[in-house]
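Everything in the sequence shown is counted per the numbering used here, starting at 1 for the first residue and increasing by one.
Simulated from the structure, these hints should not be mistaken for lab results.
All clues stand as given, with none of them false.
Here are the computed lysine to aspartate or glutamate pairs in the EDC-like style, where the Cα-Cα straight-line distance is at most 20 Å: (1) K84 to D54; (2) K147 to D81; (3) K74 to D156; (4) K125 to E98.
If you anchor each label on the Cβ, the simulated ranges turn out as follows: (5) V141 to G172: 15 to 25 Å; (6) P131 to D159: 17 to 27 Å; (7) R111 to A49: 14 to 24 Å; (8) R117 to G172: 14 to 24 Å; (9) D130 to I106: 36 to 46 Å.
Glycine included, each C-beta is placed from N, C-alpha and C at the ideal position.
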Amino acid sequence: MLAEFDSSLSRIEHQRGDPARSSDVVLRVPFRIWRTLMDWSATIDRFLAGWSHDLPTLMTLFSDDVAYRDEPLKAQMNGKDELKDFASSFFSAFPDVEFAANSPAIQSADRAAVVWRATGTHDGKLLDVDPSGKTIDVAGVSVMEFKDGKIVRNVDYWDLATLLRQIGQLPG
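Input sequences plus hints: build the corresponding full structure.
Printed below as a string of structure tokens:
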């Protein structure tokens, strides 16, 4: 798989199907974009680690004026201070929470989306719900926008009904 290579371009190659019958697809991507894509993977890993009870790491990922939305809870956090309070409250409700990626993130030059799974035990107050001691296993997705190496906007989508069912607040 040889291809001409500019010093300003990186090459991403993909081979489909049986190597003996496949056609090569060569995608030429500006190096600055390719490098950025690599950086988002590391940021996404730290994002999931941060939501797994590492508040100091989590806070380093966001711009000071981040707009963070938790869609199921209809919660909007504007700025790091509001996000820090939200995360601290969540960590109190689920002191052993762990986030893990379900699949590789989808990325572009300034955006990424990651499908994740959160597991943990409801051992603290969540909004108006007293601790149940029950475990949760909830899937979701986070959609991020980046600027100057920081997350400037994030929206989380996840199944609130599943979480409420798992902690005994809904039948099922």
